[in-house]
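J.: Here's the letter readout for the chains.
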Amino acid sequence: MQQDIPGTIIFDGAEAQKGLALNRMCFSFNSAENRAAFLKDEDAYCRKYGLNNDQRAAVKSRNVLKMIEAGGNVYYLAKLAGIFGLNVQDIGAQQTGMTVDEFKSKLLSAGA
Amino acid sequence: MAIIVGGVGTTHVPAIGKAIAEKKHNDPYWKPFFKGFDYVHYWLARTKPDVAVVFYNDHGLNFFLDKLPTFAIGAANEYRSEDEGWGIPVSRPIPGDAGLSWHLINALVADEFDVTMCQEMLIDHAVTIPMALIWPGPAWPIKIVPIEINTVQHPLPSLERCLKLGRSVGRAIESYKQDLRTVIIGTGGLSHQLDGQRAGFINKEFDRLCLDKIVAEPDALTGYSIHDWIKESGSQGVEFLNWMAMRGALTGRVSELNRNYHIPISNTAAATVVYDTESGAARQAA
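The listed protein sequences correspond, in order, to chains U and P.
Position 79 of the first sequence, counted from 1, bears residue number 79 in the working numbering, the numbering being contiguous throughout.
Position 266 of the second sequence, counted from 1, bears residue number 266 in the working numbering, the numbering being contiguous throughout.
What the hints contain is simulated information worked out from the structure, not anything from laboratory work.
Quantities reported herein were computed from a predicted structural model and do not represent experimental measurements.
Built from N, CA and C at the ideal position, the CB exists for glycine as well.
Any given hint might turn out to be false.
[Stated by the list, open to error] Derived pair list, reagent style BS3-like, types lysine-lysine, alpha-carbon separation capped at 27 Å:
#  : chain 1 : residue 1 : chain 2 : residue 2
1  : U       : Lys104    : P       : Lys18
2  : P       : Lys24     : U       : Lys106
3  : P       : Lys18     : P       : Lys31
4  : U       : Lys48     : U       : Lys18
5  : P       : Lys18     : P       : Lys35
6  : P       : Lys23     : P       : Lys35
7  : U       : Lys18     : U       : Lys66
8  : P       : Lys204    : P       : Lys35
9  : U       : Lys106    : P       : Lys204
10 : P       : Lys48     : P       : Lys31
11 : U       : Lys66     : P       : Lys67
12 : P       : Lys23     : P       : Lys48
13 : P       : Lys31     : U       : Lys106
14 : U       : Lys60     : U       : Lys48
15 : P       : Lys67     : U       : Lys18
16 : U       : Lys104    : P       : Lys31
17 : U       : Lys106    : P       : Lys35
18 : U       : Lys40     : U       : Lys66
19 : U       : Lys18     : U       : Lys60
20 : U       : Lys66     : U       : Lys106
21 : P       : Lys204    : U       : Lys104
22 : P       : Lys35     : P       : Lys24
23 : P       : Lys35     : U       : Lys104
24 : P       : Lys35     : P       : Lys213
25 : U       : Lys104    : P       : Lys23
26 : P       : Lys35     : P       : Lys48
27 : P       : Lys204    : P       : Lys18
28 : P       : Lys67     : U       : Lys48
29 : P       : Lys24     : P       : Lys204
30 : U       : Lys106    : P       : Lys18
31 : P       : Lys24     : U       : Lys104
[As the list claims (entries may be wrong)] Take a look, some chain U residues computed to stay more than 10 Å from chain P by CB distance:
#  : residue
32 : Asp41
33 : Glu42
34 : Asp43
35 : Ala44
36 : Cys46
37 : Tyr49
38 : Gly50
39 : Asn52
40 : Asn53
The whole structure should be built from the sequences, with the hints applied where relevant.
T.: And the structure:
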């Protein structure tokens, strides 16, 4: 049995199966037209992609950790975050409970 | 006959695409990263490759989780990119060498690497950003053969498997009858993690070990499982698989000509390296 890595969910078959609908919706955000449709009517867009209740709640809350728990993969979730103008440092800060400046300082200190 | 002049490894963080578009090369945050390419440009001006074989991982532009190959190879004379959804500029198309692609496909499958063959394949930032960094001019002086490795959906191929894939590609290139000069590129990494409470994880000591070992003892790295790798290098540190494949393709004695390592670029420990092969060095000296 492999030891868990704290704060890390390995995106394996079970996660991928659980998250298929959410990741498919995020994959659709490669298209500007789809991003606009999501912003215009988020409920309808999420329904169209068949998100389950956990996934819908996670998207609604804009909480990345909850989206990952619901099977989201960060490469796809980053496309959703992009709709709100959030980059990987913004979502890094959110997931670690830091301000963006604190998160950036943490990254800088890793190089010191 | 085709020869392999050497290899280049580089990070492919999306934010670099924005920094290039906004010409931030001399900005204090970006300068330590961009200056790592001065040597790459100098070396390419001397080695003059015709084709680049690029090992990279797709981030949900061409492939989705519905049908996800472990290894996929492009077989086209042109590769387009498209909107990836997070606001980085879309690259102009890059010419491909379909003839070399089919030669590699034939050799790889004969060598028991059953790759997915793609006559149409969108390339994402993991190809276009390294290309823009390595060949910053207004026209591409080179063609590419992109080879995609799954780093998204576990199980991922092992480090050993990717090293062997690279070795198979290297042998195949050297059996190609055309007089081509090829360079091998591996993109992504080094240590970083974007997801979870562990987001922002970077491991300088481990990156240094990898950069030291990969030059002359890449097999020493194959003892790490993918799980070990995530622990030491972060969830997305597994992009190092592309580097292992690149290194595998370099034949004969390999030496490191240049290394630039800088923390951070966005959430990532950034590295840029140039490796020489015996045949490349001999050809240069001739």
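J.: Taking the hints in turn, state whether each one holds.
T.: Here is what the structure says about each hint:
no.: 1; hint: Lys104(U) - Lys18(P); verdict: 18 Å, holds
no.: 2; hint: Lys24(P) - Lys106(U); verdict: 23 Å, holds
no.: 3; hint: Lys18(P) - Lys31(P); verdict: 14 Å, holds
no.: 4; hint: Lys48(U) - Lys18(U); verdict: 17 Å, holds
no.: 5; hint: Lys18(P) - Lys35(P); verdict: 17 Å, holds
no.: 6; hint: Lys23(P) - Lys35(P); verdict: 13 Å, holds
no.: 7; hint: Lys18(U) - Lys66(U); verdict: 13 Å, holds
no.: 8; hint: Lys204(P) - Lys35(P); verdict: 20 Å, holds
no.: 9; hint: Lys106(U) - Lys204(P); verdict: 13 Å, holds
no.: 10; hint: Lys48(P) - Lys31(P); verdict: 26 Å, holds
no.: 11; hint: Lys66(U) - Lys67(P); verdict: 25 Å, holds
no.: 12; hint: Lys23(P) - Lys48(P); verdict: 26 Å, holds
no.: 13; hint: Lys31(P) - Lys106(U); verdict: 20 Å, holds
no.: 14; hint: Lys60(U) - Lys48(U); verdict: 15 Å, holds
no.: 15; hint: Lys67(P) - Lys18(U); verdict: 16 Å, holds
no.: 16; hint: Lys104(U) - Lys31(P); verdict: 17 Å, holds
no.: 17; hint: Lys106(U) - Lys35(P); verdict: 24 Å, holds
no.: 18; hint: Lys40(U) - Lys66(U); verdict: 23 Å, holds
no.: 19; hint: Lys18(U) - Lys60(U); verdict: 18 Å, holds
no.: 20; hint: Lys66(U) - Lys106(U); verdict: 23 Å, holds
no.: 21; hint: Lys204(P) - Lys104(U); verdict: 16 Å, holds
no.: 22; hint: Lys35(P) - Lys24(P); verdict: 12 Å, holds
no.: 23; hint: Lys35(P) - Lys104(U); verdict: 22 Å, holds
no.: 24; hint: Lys35(P) - Lys213(P); verdict: 24 Å, holds
no.: 25; hint: Lys104(U) - Lys23(P); verdict: 22 Å, holds
no.: 26; hint: Lys35(P) - Lys48(P); verdict: 20 Å, holds
no.: 27; hint: Lys204(P) - Lys18(P); verdict: 25 Å, holds
no.: 28; hint: Lys67(P) - Lys48(U); verdict: 21 Å, holds
no.: 29; hint: Lys24(P) - Lys204(P); verdict: 25 Å, holds
no.: 30; hint: Lys106(U) - Lys18(P); verdict: 22 Å, holds
no.: 31; hint: Lys24(P) - Lys104(U); verdict: 18 Å, holds
no.: 32; hint: Asp41; verdict: 18 Å, holds
no.: 33; hint: Glu42; verdict: 16 Å, holds
no.: 34; hint: Asp43; verdict: 20 Å, holds
no.: 35; hint: Ala44; verdict: 19 Å, holds
no.: 36; hint: Cys46; verdict: 16 Å, holds
no.: 37; hint: Tyr49; verdict: 13 Å, holds
no.: 38; hint: Gly50; verdict: 14 Å, holds
no.: 39; hint: Asn52; verdict: 16 Å, holds
no.: 40; hint: Asn53; verdict: 21 Å, holds
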